[in-house]
Each structure stands twice: as C-alpha cells, then as structure tokens.
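S.K.: Listed in order, the protein sequences are those of chains A and B. For the first sequence, the positions run 11 to 448 when this note's numbering is used. For the second sequence, the positions run 11 to 448 when this note's numbering is used.
Warning: the hint list may mix true and false statements.
Computed spacing ranges between beta-carbons, pair by pair [claimed, not checked]:
1. A:L122 <-> B:T412: 40 to 46 Å
2. A:A89 <-> B:R216: 55 to 61 Å
3. B:L28 <-> A:S42: 53 to 59 Å
4. A:R413 <-> B:T75: 49 to 55 Å
5. B:E338 <-> A:S49: 26 to 32 Å
6. B:T75 <-> A:T123: 32 to 38 Å
7. B:E121 <-> A:S82: 38 to 44 Å
Derived from the structure by calculation, the hints contain no laboratory data. These figures come from a predicted structure and were not determined experimentally. Every residue, glycine too, gets a C-beta built ideally from N, C-alpha and C.
Each chain, written out:
Number of protein chains: 2
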Amino acid sequence: MSRSILSIYKAAELSARLREQIVRRESIQDTSVHDTVASILAAVRDTGAQAVLNFTRQFDGVEVTELLSSRSEFDQAEAALPADLRAAFNAAAANIRAFHELQRAGLKDAELTLGGTRLGFRYQAVDCAAVYVPGGKARYPSSVLMGLIPANVAGVRDCMLVTPPTANGSVDPAVLYCARLAGCETVIKSGGAQGIAAAAFGLGGRRPDLVIGPGNRFVTEAKQQLAGQGLLRIDSPAGPSEVLVVADDSANPEWVAADMLSQAEHGADSPAILACLDLEFAQAVNQALDRGLAERPARAEWKRTSIQEHSCAIVFESKQEALDFANEYAAEHLEICTRDPEGDFQQIRHAGSVFLGHYAPVALGDYYSGTNHVLPTGGTARFYAGLGVDSFLKRMSWQYATRESLAASRKGIALMSAYEGFDQEHGHSVEVRFQDAT
Amino acid sequence: MSRSILSIYKAAELSARLREQIVRRESIQDTSVHDTVASILAAVRDTGAQAVLNFTRQFDGVEVTELLSSRSEFDQAEAALPADLRAAFNAAAANIRAFHELQRAGLKDAELTLGGTRLGFRYQAVDCAAVYVPGGKARYPSSVLMGLIPANVAGVRDCMLVTPPTANGSVDPAVLYCARLAGCETVIKSGGAQGIAAAAFGLGGRRPDLVIGPGNRFVTEAKQQLAGQGLLRIDSPAGPSEVLVVADDSANPEWVAADMLSQAEHGADSPAILACLDLEFAQAVNQALDRGLAERPARAEWKRTSIQEHSCAIVFESKQEALDFANEYAAEHLEICTRDPEGDFQQIRHAGSVFLGHYAPVALGDYYSGTNHVLPTGGTARFYAGLGVDSFLKRMSWQYATRESLAASRKGIALMSAYEGFDQEHGHSVEVRFQDAT
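Chain A with its partners taken away, still in its complex shape (with noise of 0.2 Å):
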C-alpha cells in the first residue's frame, strides 16, 4: 500500500494528547469581525432597509431593489422547477414534517395538585421565528425545510426567511419554493450579519424572538450580539460538520468511505473519524477513499484536505472502547454500522443524529428520513440537541393556590423566607392574606 491519505492509529497506543487533540476538534468563537457586525447591527437599526441593501451593493455586490421576495417571484419559482424536483421536495417534506409532529405530539402540557395547589406547565410556540438558510453561490433548499418545517409544525404564527439573493437580485427557485411549502412566504433577500439585522431589527413585518440556522462567521457573531442583548434566541453555534463511523467487520468499507467523503464534500475542515475494530478493516476504507478521490473528482482539493488533516482512523480492540470512544467524540452525525446498531445504540448517550445500520448514510437524514439536518457540532452534542420543535416552544409554568393550600404552605415560607432575609416582604405577602380574616 501506498503511503497513507487517513491517518490510522491504534487505540493502545494513541498518546492521551493526540487523542485530546482529536476530541476537542474545534473552538467555536471567533471575535474578529466583532466590530464590523457591531456596526452593521446598528447601521440596520438606524437606518433600515436602505443600509441593508447597500450592505449587499457592497459585500455580495448584488443590485436587490425590493427587499422582500415578492408573490411573482414565489410563482415564477415553483413553474420554473421540474416535476420530478418538486415531488422529491414534496416527499422529503412530508417526512420531516411527520418526524417532528411525532415530535410535538410529545409535548403535552401537564398539571398536579400538591397540597391542595394546582400547578402545572404549558407548551407555547415564540410568535415570530427567523430562519437564516446560506445562498449566494451555493443553495440549500433542503436547510429551507429543515428550519421552517419545525416552525411551522410548533405553531409558530409569523416565520420568515434569510436568504442571500442570487447574481440577479432574487432567490433560488428551490428556495422559494420550500418556503412556501414549509408555510413561510416572507423571505428576506440579504445575507451576512446584514440579513440577520433585517430580520432582528423587523424588516420583515416584525421582531423575531427566535433566529436560527447556520451562516458564517458574520451570521454567527450577529446571531450572538443580539442575543447577549436580550432581543432574541438563537440556536447553539454551528462548527463544520462531520461524522464519526463506528464500525466492526460487518461493515462494507467501500461504503464507509463513500459516507466519509460525503462528510469531507461540506468543507476542507469537516472530520471524518472511523472507529473500527481491525487494521485491515481501515487499510480497506483508505484504499477506498484513494479511489473515491481518483474516480470523483469534483470538490477534490476540499475532500483530500478534510481527509488528510481532519480525519483519521482509530482501530480499538473492543467494540466498547469504541461505543465509549463515540460517547467521548459526541459526533453531529453517529453512523453505526455494526451488526448490533440498535444494542450498541443503547449505550451512546451523546450525538445529534444517529445512523443505525448498514443502509443509512448521512445523506439519508440530510435530505429525507425526516429527521433535523440542523445539528450540534464540534463536541457540543454532549449538551445541545439538535433543531427541533422544540427549538421554538418554550414551557410555562403556573400555580393556582386556594386560601386553604396557601394557608398549608405558611409556615415552611414563613422559615424559609425568614432564613434567606426575606421574610419582612415575601414573607409579608403570604400573611397578609390572612390578617384580615373576618
């Protein structure tokens, strides 16, 4: 064999710094362009719509003359897509929005009553939602659906979308027409942190509560100004993507390789990390990938560069030091391809989304199971979950005393409240109620 495009270690004898170094794959911050977006969120908020569109004169160089996608352009886009494109649309949407009905069907609200309270918590959707989808050059019809479907599933009553306008001053066809179907007709046509404050600061109708989805750093240094502001939510920050392969020797490593190529084909920095439990099994997989570089060429520089310097084999020696090893990783994108994936899923407590078997590539659940594509990276899988429902519900809680339970409930706040310092006025305020007792 020649020399080798994956790095392949053995468990044993990784060094507990390289196996840091690959764990902790990526630091999300980025504070450089802090100043820029600082001056744009506040060019949009003085100025509105006409900074915005300078905004893109200047960084996208891209005439938009409406800031919002008009009815026509909605039209148009859905008579200009094939057939055969839409019904997939169609189909993957119906997916998704099943998946995260399932989803919402969960969330019920619930009441008790303790001590003769009534309390209890309530489901509501956020009233406005913003969901930013990256375009310009590239279109990602697919984030349109995964972004909105949710939304629009939740019950969120006005949700718009952020898009980067085409060379023409418009939006992708696709685009548009994903949006319709996920129920959204207000599309801002503007990228960047300048899209972001068009959102934030109401062009679109009205102030989101809520901005999520993907963009660069502008996007995400913009996303998080407004939040550390208190104007709105945003969802976790968002690294490249990648994915972690467990496999043992039931796995085909010609396809272990096609799906980390898949993964490679985002970006030059996207992991893609195989825990196998055999040598051959990853001399395999780079022979593979070898040959998926030579036999599919496009995007070559960005795939041998993620390959080569972010990815790499680890070959355990058991398959529980490789489900442990997953845990640790806390992969956006977990493929188990084992001949036990659901017994070995059972111990995985940290990843986004989980690949069972030896039929579900990545780019099942980027395009169609129905499942979100808008998923934790860079370790933080450990503690975010990805886009969900839930994403745009928040739960309320409530109580409903009686002059009977509050009277049961007196004396522990009397010394509770007493004990903290507080007992002069919250204290006050459960026995006030009963000072003028007839």
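Once you have looked at the hints, place chain B on chain A.
M.R.: Same frame as chain A, now just chain B:
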C-alpha cells in the same frame, strides 16, 4: 393623597415611547468586565485550585483551605439546623421534586416508521452539571433546591454546586443541607468568575457540560465566555427579578401592594408593574405601598427605589387590553388576580411563571409550590423558559433504514443532492450501496 410613590398612567394616555420604555426594561449585556473575566478564566485553567483560592482571598477577603466542602462540613450543617427549618426544606424539596418529575414523565422517547425507515428520538441527560448559587453575605438555600433537584430528576450523573464561601471559609449550613437533600455532595467553595472557572475546568472532579444559575456580572460574563468557546451550555441570562400583576376589582389592593414590595425586596432595580382596570384601584395600591414602606423598613432604600424608579401602574380600559399588555411585557412572574384567572390565563402566551388567583403570591413559587424560581427576566420570557428538567436533557435523533427503505428514498436523494451540488459524494453514498448487489 400626598405625592404618589407609584407612577400611575392611563393606558389610553400613555405615549408609545413611554410604553416602549416600560416594556424594554433591561438590556442584559454588560461587556465592561470582559477582560477581567477572561484573565481569571485563563489563570484558573492554567494553574488550577491555587488560582481559585488566591482570587477568593483577593476578591472576597476569605481564606479557604480546601476548595471542596468535606463530608464533615455536610454533617455539621445538618446538625446545626433547627428541625422545623429542615422540615420546611424537606417539604419544599418534595414539592419541587414532584413537579419536575411531572415534567420528566412527559418527555418520552418515541419513534415512527416512514417508508420503511424507522426513526425517532431519545432524551438523554447531560453527564455533568454545575449549579451556581450566590452566597457570601446572602444565602439562598431555596435556589440550591431549584437548581439541583431538576438535574437530579433528569438523571444527571454528576452534579456540583458552586457558591461563594462564608466569612469563615465554609458554606452556609442550609445551603449544604439542601445540596445533600437534592442528591449533591460536591460543593465548590468559590464565587464569581473564579467559581465558574473552577467548575468549568474540572476542579469539582469533572468538567460540566452545563453551568446554570444566576450570579453577578462576573458570573454571567464567565458563563457566556465559556459557552461562546463551545465548552459548555448555559441557561438564559438573568436580569433583575420582576413581577407584573394583572388585577380587576376582585383583587385586594393591600395584597397586590405586598406582592409588589416583595419583588422590590430583591434589589433597587426590580420592576413591579400593576396592570389594572380602575384608577381608584391603582391609587389604593399606591397608598398601601406607602404604608408598607413606612411599616416595614428593612431594605427601605432598595424597595423605595424599585417602586419609584422601576415600577408603575397602568390603568387599562378593558381586561383584554391588560392581558395584551401582559403578553407584550412577558413578565418573569405574572400574577393574574382577577375573577376568572384560569380563563384569563388562556390568553397568556408569554410569561415565566404564572400565579393564578388571589391566594398565589410570587413568594409561594419562590419557595414552596414546586415550580422553579429560576426564570427568564427582562422580557426574555417571549423566547426562554425557566429552568426545568429539560434544561438538563437533550434530544438525540436516530434513523434505521433497510435496503428496501433506502431504495425507496434513492431517487429523491439523488435529485435533491444534485440540485445542491452534492451529488458526487452525498448522492454516491446512497448509490454505492446498490452497486455491488448480487
């Protein structure tokens, strides 16, 4: 009536600008301590416990010898507390546990089958969580229960409490008692940014995935910097505590005034807003506030400043207008003191915790009813929920495809991935699974 302590406005005469000023009450970001906090975080990361103890000496003037509370400190704490106070904590803890178990029971794993592919989601607790509770001169054992019990109910394996030491280098006995009651015996005796850093960099045993709980601006800034680096997740930013009381003529102005002063007892910047339907009612509340301030002088300066400078009454022409205002205000605590509190609550979309009826002062939820008192402030209840079991969980998605179900998805994925320019690898990763069919 002498000069009013409470500003009273008629809604119809309230200028748009003043209304906006009342509603947009707090911008949460305070970046002035950014550099100080960054250097504290770096020092603790690089030199560990010694740096924490040094900062504690420097900032708090307290000599702490061991960073973590010992078992004997816990035992002594329990022995030091009067039995009736322990009983009060036990009863409150039982209510809090029951309410949060209701939340946990609602979050069920689920799956469905779409086109032959099984897909679903699973809730999983984070491995490790840290709860910050302010301390030093003050003591908030109730907040210990509110932070740790939901974590315990969620199934978090490792929890730790972070709290500033008392003057003698230990921790308030009720704080230790409540920590143990909530199943946590790891207490980091350090406050401020150094306390957060001590937790984040593993000085409590392991690195937390989640750090929650309100603190001063150093605490908030430290949490935000660590979250920005993708190291952990934090809860929503906490501003001054606040109440909005919606009252009709069935309400008792004396009780409403007591609830407003109870809010003002928290600090000099706590808004207490009254939305009522009658000028005479507002004036009666104003008189009760005056009397209350005269009769109950503790923290008089804080209470007076909060009522005079951050609070007001607005007299609406209809209950509907008052409820609309409540949604616009999105209060941390919302009291509905009307004839039909449950009916009126149906119209509320935005609030942290809602108190229904005349016998539900905020103090009931602060201490005893079982709902959580860690809640979104400053209008962020439009998009954040209070602390709950879900704060300590995340949702993992999964899919399990078969050869047949992937085949059924093949054409759709091919079309969509080609449209997005990902056909060569994303598309191929599906196709390759059908190439070597026998």
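S.K.: Determine for every hint whether it applies to the structure shown.
M.R.: For each hint, the structure was consulted:
1. A:L122 <-> B:T412: 40 to 46 Å: Given about 42 Å between the Cβ atoms, the range holds.
2. A:A89 <-> B:R216: 55 to 61 Å: holds (58 Å)
3. B:L28 <-> A:S42: 53 to 59 Å: violated (40 Å)
4. A:R413 <-> B:T75: 49 to 55 Å: holds (51 Å)
5. B:E338 <-> A:S49: 26 to 32 Å: This hint holds: roughly 30 Å between Cβ atoms.
6. B:T75 <-> A:T123: 32 to 38 Å: At 48 Å between Cβs, range violated.
7. B:E121 <-> A:S82: 38 to 44 Å: holds (42 Å)
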